[in-house]
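Visitor: So the sequence shown is numbered by the UniProt record's numbering: it starts at 1 and just counts up by one.
What the hints contain is simulated information worked out from the structure, not anything from laboratory work. Remember, predicted model here, so these are calculated numbers, not experimental data. By construction, the Cβ of each residue, glycine as well, lies at the ideal position given by its N, Cα and C atoms. Mixed in with the good hints there might be a few duds.
[Claimed, not checked] Distance ranges between label pairs, derived from CB positions:
| # | residue 1 | residue 2 | range |
| --- | --- | --- | --- |
| 1 | 134 | 4 | 41 to 47 Å |
| 2 | 83 | 4 | 28 to 34 Å |
| 3 | 4 | 109 | 36 to 42 Å |
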Amino acid sequence: KLSKLTALDLSLNQIEPRGARFIGKSLAAEACPELRKLNLMRNAGEEGMDAVLNEGLLGTPKIEALNVAQNNIEGRGLNPFSRGLALKKFTFVTMIDLSLNPLGDEAIERFFSSIPSFPVLPIRALALRDTGAAGG
Numbered sequence: 001k002l003s004k005l006t007a008l009d010l011s012l013n014q015i016e017p018r019g020a021r022f023i024g025k026s027l028a029a030e031a032c033p034e035l036r037k038l039n040l041m042r043n044a045g046e047e048g049m050d051a052v053l054n055e056g057l058l059g060t061p062k063i064e065a066l067n068v069a070q071n072n073i074e075g076r077g078l079n080p081f082s083r084g085l086a087l088k089k090f091t092f093v094t095m096i097d098l099s100l101n102p103l104g105d106e107a108i109e110r111f112f113s114s115i116p117s118f119p120v121l122p123i124r125a126l127a128l129r130d131t132g133a134a135g136g
């Protein structure tokens, strides 16, 4: 257990889906209960990131900054994260970077329409650059 770890940067590692699922399961088992910053930019792709976004983040309730940019996460990949926000699982989150993922208009619309169900969150930065929304 890495009980004092507050930042984990695994960006640019080309982590395959199997490795991402292992990370998700480890985080879900509260291997890093004090984790505040998680950078997984440019890694596994949607299949592996689902495990991190779906299971893993539930074991990191103090997460403040999450970067999953450029992981080929498609629209459905936002669903578990949105549910976690709505269920008050990530009450410390201040920065989310989903840039360079092919989310598309429909997923972005669903995400923003679910915001009223979120608790008041301290989000200060939400990066959605080049996600395919509004033709971009």
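Visitor: Next step is simple, just say for each hint if it's right about the structure.
Guide: Checked hints:
The hinted range of 41 to 47 Å is satisfied by residue 134 and residue 4, whose Cβ atoms lie roughly 43 Å apart. A hinted range of 28 to 34 Å holds for the C-beta pair residue 83 and residue 4, which are about 29 Å apart. Taking 36 to 42 Å as the suggested C-beta distance range, the pair residue 4 and residue 109 conforms, at roughly 40 Å.
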